[in-house]
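Asker: The lines below spell out each chain.
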Amino acid sequence: MRRLQITKIVLILAIAFALPFAAYGQQMESHEGKWTGHSEAGRQLYYRYCWGCHGARGNGDGENAPYLNILPRNFVVASFKCRSTPTGTLPLDQDLFSTLGRGINFTNMPSWAALTDQQRADLVAFIKTFSPRWKTEKPGDPIQIPAEPALTVASIKHGGELFQKLECWKCHGQEGRGDGPSASTLTDSNDQPIRPYNFTSDNRSKCGKTNQDVYKIFMTGLDGTPMPSFADVIKPEDAWDLVHFLRTLQYNNKSPELTLWLSTKEGAEIVNAKKVQNTYTGSGVKP
Amino acid sequence: MDVRGGSGVNRIASRPVKTLLYVAAVLGIFLSTCSPASALPAFARKYGMPCSSCHEAWPKLSPFGQQFKDNGYQMGNDRDAPIFQSPAYWPVTFRITPQWHRDSTNKVAVDQTATGEAQVTKHGFDWSGLDFHTGGTLAKDFSFYVLPSSDNTGAFHFESVWARLDNIAGSSWLNIKLGKFELDNLLSEKRILTLTSISGVYTNYHFQPLYQKGVPENPNFVFGIGNNQVGVEWLGHSKDDRTRISASLLSSNDGSPSLPTSRGYDGFFAASRAFQLGSLGLQRVGGFAYLGEAPTYFQYTSGGPSNPIAGTGIGNKGYQRYGLIGMWYIKKFDITTIYFHGTDSAWLASNTAAVPGATLPVGAHSPSWNGGLFESHYNLNPQLIFINRYELVRMSQQAFTGDGVTAANPSNLGNTDVLTFGMRYYPFISSRAGFAYHAEYAIIRQRGASPVTATDLTSSSLLFGFDFAF
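Here the protein sequences line up with chains S and A, keeping their order.
Going by this note's numbering, the first sequence opens with residue 1, and the numbers climb by one from there.
Going by this note's numbering, the second sequence opens with residue 1001, and the numbers climb by one from there.
Heads up, some of the hints might be wrong.
Claimed, not checked - Straight-line distance between alpha carbons at most 25 Å, and here's what the computed DSS-like set of lysine-lysine pairs gives: (1) S:K209 <-> A:K1239; (2) S:K254 <-> A:K1239; (3) S:K34 <-> A:K1317; (4) S:K34 <-> S:K135; (5) S:K235 <-> S:K165; (6) S:K34 <-> A:K1331.
Stated by the list, open to error - DEER-style ranges, computed between Cβ atoms: (7) S:N253 <-> A:Y1265: 37 to 43 Å; (8) A:F1094 <-> S:P149: 57 to 63 Å; (9) S:P149 <-> A:T1337: 54 to 60 Å; (10) S:K34 <-> A:F1125: 53 to 59 Å; (11) A:Q1320 <-> S:V76: 56 to 62 Å; (12) A:T1453 <-> S:E40: 54 to 60 Å; (13) S:E266 <-> A:F1094: 56 to 62 Å; (14) S:K8 <-> A:L1277: 42 to 48 Å; (15) A:K1239 <-> S:N190: 27 to 33 Å; (16) A:A1247 <-> S:T136: 54 to 60 Å; (17) S:E40 <-> A:L1138: 41 to 47 Å; (18) S:T136 <-> A:K1239: 46 to 52 Å.
Stated by the list, open to error - Here chain A is said to cover these stretches of chain S; the calculated rule only asks that three of the stretch's residues, wherever they fall, bring their Cβ under 8 Å from a Cβ of chain A: (19) 47-55; (20) 106-112; (21) 255-263.
Because the hints were derived from the structure by calculation, they are not lab data.
Cβ coordinates follow ideal geometry from the N, Cα and C atoms, glycine included.
Input sequences plus hints: build the corresponding full structure.
Answerer: See the structure below:
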């Protein structure tokens, strides 16, 4: 009888201690440069920083999720916006690592650059424990980004033509303000309304602010949103032209593309016609 | 009928086993669950993030929280302006701590004893002062903070009142704050994890030397680097907040309103750099300096010097505080180390009016001292933190070295040691409110500081409380 009770104690003690750990699945690693992330270390960080939005089980149902107009990522589905891999595939560890460091502009996901590289690598490892996909699938092969061609007025004009031809304006609007005729009908994979990117609001896209980042968005799409991949539709040089054109829509950002475009009579007329001169929105956010 | 079965004897025998199992299960979950802690719930509510994001254990900031603060209480994801909040959102938090505490001092001046001193101990249920924090952004890159704070009788004052221009010209290196604010102390006294009457402040931040045995600190010169000051601050930081630098120009009045002292100005400078040390965590080293001056006498009206005219303080004399700080992390364990050095003008230390032609009392010297602080934490998980702190102050130059009538101060007069142990447990973590069970014990010894016999003065404080904020 006494032995039975001791066995019971040991068993229940083991369960009590093991349960919280067992619930989070297998151990995972991530690799980013010289950093190797460990999911066990990431677990502690996740339950300090992330669970409020992404939920204790990583399925995006944190206590704050109902109050967000763009729902937090569901790590169980393992569908990620910012990738360097083709649409529908798992991202590279580096993609998740970069997203943590950069944050996702226009959403509630902040930059976690204040964490150390090791901590971010640990978090990436832990995020991968939520979905069985990481056990059965490998990340897609990263897309190749050819060298950016020389910036020319012709490139910008051609990009503008593609903007019309590919019907980007239907969502993003003719002036890139995110107010195209389809904008109000769009929903994301959570069936939540989602607004197309407003190019005039900032020079940062959701997945970074370099031209390469914008190029990647065309070619990989933003999984979980209506933004598709154009990898099978346009050639790389066309994608670069489109990048050059889109930069001219960001008239609050003095990019080389905008500078060149403004140096032409046609460009100056178009840009200045679109500008809302020296006005501020009620929020104090520069338009 | 006992449907669980077993005889009465078995039930009695199994009771301790069940109790043990229950305790083990609770302990297991308690020790293993890592859900987060909270701090200024107004911010947590705004961003929907658990308080443990910004606080290792509230109110102590994490590196992420420090970055958020340095960025003007902004995440930088273009959701910072109030327009993105529900119109009903009101950025207000209150914090108060009902508690039981016991405070004891070994030598208090009393009339009923032969020595004129006796031990005094008091204990009972009580509550702390009330803080009403309101802060955040007025618009993108315009932040503010207003903190009406009361003592536990309800007498309010403004602990903080400031507005800040953030990221001027898009640069994180250009932030200007104006008003009453906490100095850019990396180890923030306003975010201190200990609450007793002894350890609710950092001794080194407020230390002022005794002039002579049995003579208290100059009552006309009160300064604490831990006190919020009034002025303008420039702060710059790298985007990832690894490098921080600040300079402040402050009115020489120790944070008091209505310009009560002089027309002098003080300066405070701080700089630090953080770096990653393998998988141990983010380490930070830095330094700070406060260069101040304070008046030694006032213009006065009828009644003489006892009726000084506020704001007319003249005969300013200087004082300085310097320090080096290191914040060291070894995974869940961290220790903050600070070296302090302080000097006061002999005029201030001896409370002598520096009127034209005046001379210092015989034996008066500019006192100087060195201090150290070691504060360690073991953050088992975001819900539980253990705290230990040891502070020491050692005089290197006494303010009085004898005048032929009165003997020189002993070299250790005023030397101080403070030891503190504490723990805080946050039973729930949410993005709405915060609650902590708080337990703490602190003891302080000051050499030669007792009021009558000028012998060692020792005080201790024990506190248990519910610290909450909403």
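Asker: Determine for every hint whether it applies to the structure shown.
Answerer: Here is what the structure says about each hint:
1. A hinted pair counts as satisfied when its Cα atoms are at most 25 Å apart, and K209 (chain S) with K1239 (chain A) qualifies at roughly 15 Å.
2. At roughly 21 Å between alpha-carbon atoms, K254 (chain S) and K1239 (chain A) fall within 25 Å of each other, so this suggested pair holds.
3. Distance restraint check for K34 (chain S) and K1317 (chain A): the Cα-Cα separation of roughly 55 Å exceeds the 25 Å cut-off, and the hinted pair is therefore not satisfied.
4. With a C-alpha separation of about 23 Å, the suggested pair K34 (chain S) and K135 (chain S) falls inside the 25 Å cut-off, and the hint holds.
5. Of the pairs offered as hints, the one joining K235 (chain S) and K165 (chain S) holds, with about 14 Å between alpha carbons and a cut-off of 25 Å not exceeded.
6. Restraint check: the Cα-Cα separation between K34 (chain S) and K1331 (chain A) comes to about 19 Å, which is no more than 25 Å; the hinted pair holds.
7. Range check, N253 (chain S) to Y1265 (chain A): about 40 Å between beta-carbon atoms, so the 37 to 43 Å window is met.
8. Checking the proposed 57 to 63 Å range against F1094 (chain A) and P149 (chain S) shows it holds: the Cβ atoms sit about 59 Å from each other.
9. A hinted range of 54 to 60 Å for the beta carbons of P149 (chain S) and T1337 (chain A) is consistent with their spacing of about 55 Å.
10. Taking the beta carbon of each, K34 (chain S) and F1125 (chain A) are about 55 Å apart, inside 53 to 59 Å as hinted.
11. The supplied range of 56 to 62 Å is met by Q1320 (chain A) and V76 (chain S), whose beta-carbon atoms lie about 58 Å from each other.
12. Here the CB-CB span from T1453 (chain A) to E40 (chain S) is close to 58 Å, well matched to the stated 54 to 60 Å.
13. For the pair E266 (chain S) and F1094 (chain A), the beta carbons lie near 59 Å from each other, so the given range of 56 to 62 Å is met.
14. Between K8 (chain S) and L1277 (chain A) the beta carbon distance is about 45 Å. The supplied range of 42 to 48 Å therefore holds.
15. Look at K1239 (chain A) against N190 (chain S): about 31 Å separates their beta carbons, and that is inside 27 to 33 Å.
16. Take A1247 (chain A) and T136 (chain S): their Cβ atoms lie about 56 Å apart, and the range 54 to 60 Å holds.
17. Checked against the hint of 41 to 47 Å, the C-beta distance between E40 (chain S) and L1138 (chain A) comes to roughly 42 Å, which is consistent with it.
18. Remark: the range hint 46 to 52 Å for T136 (chain S) to K1239 (chain A) is contradicted by a beta-carbon distance near 38 Å.
19. Residues of the stretch 47-55 of chain S lying with their CB closer than 8 Å to a CB of chain A number 6, which satisfies the three-residue condition for coverage.
20. Figure legend: the stretch 106-112 of chain S, annotated as covered by chain A; annotation consistent (7 residues with Cβ-Cβ distances under 8 Å, at least 3 required).
21. Against chain A, the stretch 255-263 of chain S contributes 0 residues with a C-beta closer than 8 Å to a partner C-beta. That does not satisfy the three-residue criterion, and the hint is violated.
Checked against the numbered hints above, the structure breaks hints 3, 18, 21 and satisfies the rest.
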